[in-house]
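Protein chains in written order, with my numbering: chain F, 5 to 174; chain X, 6 to 281.
FYI, nobody ran anything at the bench for these hints, they're computed from the structure. Think of the CB as a built atom: it goes at the ideal place given N, C-alpha and C, for glycine as much as any other residue. Just so you know, not all the hints are guaranteed correct.
Short, incomplete list of chain F residues facing chain X, as computed with Cβ under 10 Å [stated by the list, open to error]:
no., residue
1, 90
2, 94
3, 129
4, 130
5, 134
6, 174
Below, a list of computed lysine-lysine pairs in the DSS-like style, where the Cα atoms sit at most 25 Å apart [to be verified]:
no., chain 1, residue 1, chain 2, residue 2
7, F, 157, X, 215
8, F, 6, X, 142
9, F, 71, X, 65
10, X, 142, X, 50
11, F, 15, F, 66
12, F, 137, X, 67
13, X, 50, X, 220
14, X, 65, F, 66
15, X, 218, X, 54
16, X, 215, F, 139
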Amino acid sequence: MKKISAPLKEKDILSLKAGDEVLLSGEIYTGRDQAHKRLVKDLKKLPFEIKDAVIYYCGPTKAPKGKIIGSCGPTTSSRMDAFTPLLLKQGLNGMIGKGSRSNEVREAIKKHKAVYFLAPAGCGALISKFVNKVKPIAYPDLGPESIQKLTVKDFPLIVGIDAKGRSIYD
Amino acid sequence: MKTITAKKIEETVARLAKEANTLLRKDVFSALKGSYLAENKSRPKVMLKAIIDNAAYAKKEKLAICQDTGLPIIFIELGQDVKIAGDLKQAVLKGIESGYKAGSFRESIIQDPLKRGKSVYSGAVIHTDIVTGNKLKITVLPKGFGCENKSQTKMFNPTVEIDEIKDFIINAVKTAGRDACPPYVVGVGIGGTADYAALLAKKALLREIKNQKSKVKSLEKDLLKEINKLNIGPMGLGGKTTALAVNIETYPTHIAGLPVAVNISCHALRSAAATL
Chain F
5 MKKISAPLKE KDILSLKAGD EVLLSGEIYT GRDQAHKRLV KDLKKLPFEI
55 KDAVIYYCGP TKAPKGKIIG SCGPTTSSRM DAFTPLLLKQ GLNGMIGKGS
105 RSNEVREAIK KHKAVYFLAP AGCGALISKF VNKVKPIAYP DLGPESIQKL
155 TVKDFPLIVG IDAKGRSIYD
Chain X
6 MKTITAKKIE ETVARLAKEA NTLLRKDVFS ALKGSYLAEN KSRPKVMLKA
56 IIDNAAYAKK EKLAICQDTG LPIIFIELGQ DVKIAGDLKQ AVLKGIESGY
106 KAGSFRESII QDPLKRGKSV YSGAVIHTDI VTGNKLKITV LPKGFGCENK
156 SQTKMFNPTV EIDEIKDFII NAVKTAGRDA CPPYVVGVGI GGTADYAALL
206 AKKALLREIK NQKSKVKSLE KDLLKEINKL NIGPMGLGGK TTALAVNIET
256 YPTHIAGLPV AVNISCHALR SAAATL
């Protein structure tokens, strides 16, 4: 299994092919519906460095006592499709979620040499084991939908769409 | 006449909310295990193993099985010989709030569907049925919205052929596709009115997998077979199991129509019940 780190490097992205299993370590940002709606309005003053960043479509449960995060699996990626091409244009080069993407997203992934990963869907409890650190970043009023920086170690993912636009579902 | 206090109801609902979110239903767990054993392709087998491991880890650590702890749906069967001391609806809502808080679950409910705003713990959909006897049965079903978003209702003509109904149900699963955490449990309501068929479809999810009591067993069996030929599979990566079960509930309807509703559940079909 390939080990890669986030922020993602172009050479790592180009080495990935749809269907590859990878272990991702490094920093990723949570962001889902409402955060995306705000990000595209805030394109000129984004709350984090979007160049080479990875967004994880996730709204975790609260951290129970003694833990740093609760259950934190992926949410349905297609709800973010309308916003994704704009963020890819700004330099975002990785996304983690579950399920299919639109053709527009696939084309934008190809154009900007990015990658879309699938995380084990409905396995939020298990995924919490790969998160070592949580830091609030933006939009705290959104609660579970706020943007948080997660430091992950060996997060198991599958490449859903690679930089050539190939999809695991083809 | 038996008296049940609002306090008792609140405590019970809080306990059920915690249990439903952290402890996968036994019938769902064993259906997943059965699918794991039956699967011979490597990728879907690995996915089913992750789903089973996730349920075991959630149980051990008292963590939510899924971060989407849902919109709580509460089914109440209230015996007509029960007297409630206090406010039943408030007791249920308070129980949900305290159970979700104690479990550190997700604040997924917004008070205004249009303005949206801050998400909180309070809010639930409550269905109450008056039945005979002196018991109160409460069921908590936390419904995640990845799969709730895939619900469908259709009003058919009364002269419709059964194959058209089957196509509608199979297409609802196809539309849910890879997005809503397959393998699914497919709840179907046939009959009643548009709203009642949708309620039956949701209620069908409460029926235990492999329960033999269905009135339309062969239809359920046929549909399950067809759906499992779709090759959507666990996490949408192919395989033998696209659905763990198809549960259908039927009800009398009007001579002019035939409402059919589909309510899909993700593999983390969670519910817990208690009788007071």
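Comparing the hints with the structure gives:
Evaluation of the residue 90 (chain F) hint against chain X yields a violated restraint, the C-beta minimum of about 21 Å exceeding 10 Å. Hint status for residue 94 (chain F) relative to chain X: violated, with the closest Cβ pair at about 25 Å, above 10 Å. Because the smallest distance between the Cβ of residue 129 (chain F) and any Cβ of chain X comes to about 4 Å, under 10 Å, the interface hint for this residue holds. Checking residue 130 (chain F) against chain X by beta carbon gives a least distance of about 4 Å; that is within 10 Å, so the hint holds.
Residue-level restraint check for residue 134 (chain F) is violated (minimum Cβ-Cβ distance to chain X is 12 Å; threshold 10 Å). A cut of 10 Å between beta carbons decides the hint on residue 174 (chain F): the least distance to chain X is about 12 Å, and the hint is violated. Among the hinted pairs, residue 157 (chain F) with residue 215 (chain X) is inconsistent with the structure: their alpha-carbon atoms are about 40 Å apart, more than 25 Å. A C-alpha spacing of about 51 Å is found between residue 6 (chain F) and residue 142 (chain X), which places the hinted pair above 25 Å, so the restraint is violated.
Of the pairs offered as hints, the one joining residue 71 (chain F) and residue 65 (chain X) holds, with about 14 Å between alpha carbons and a cut-off of 25 Å not exceeded. Under the criterion of a C-alpha separation no larger than 25 Å, the hint pairing residue 142 (chain X) with residue 50 (chain X) is inconsistent with the structure, at around 37 Å. Restraint check for residue 15 (chain F) and residue 66 (chain F): not satisfied, since their Cα atoms lie roughly 36 Å apart, outside the 25 Å limit. Proposed proximity of residue 137 (chain F) and residue 67 (chain X) is supported: the alpha carbons are some 20 Å apart, at most 25 Å.
Between residue 50 (chain X) and residue 220 (chain X) the CA atoms are separated by roughly 33 Å; this puts the pair beyond 25 Å, and the hint is violated. In summary, the hint linking residue 65 (chain X) to residue 66 (chain F) is supported, as the alpha carbons are separated by about 17 Å, within the 25 Å threshold. For the given pair, residue 218 (chain X) sits about 30 Å from residue 54 (chain X) by alpha-carbon distance, which is inconsistent with the 25 Å threshold. For a cut-off of 25 Å, the pair hint linking residue 215 (chain X) to residue 139 (chain F) is broken: about 45 Å separates their Cα positions.
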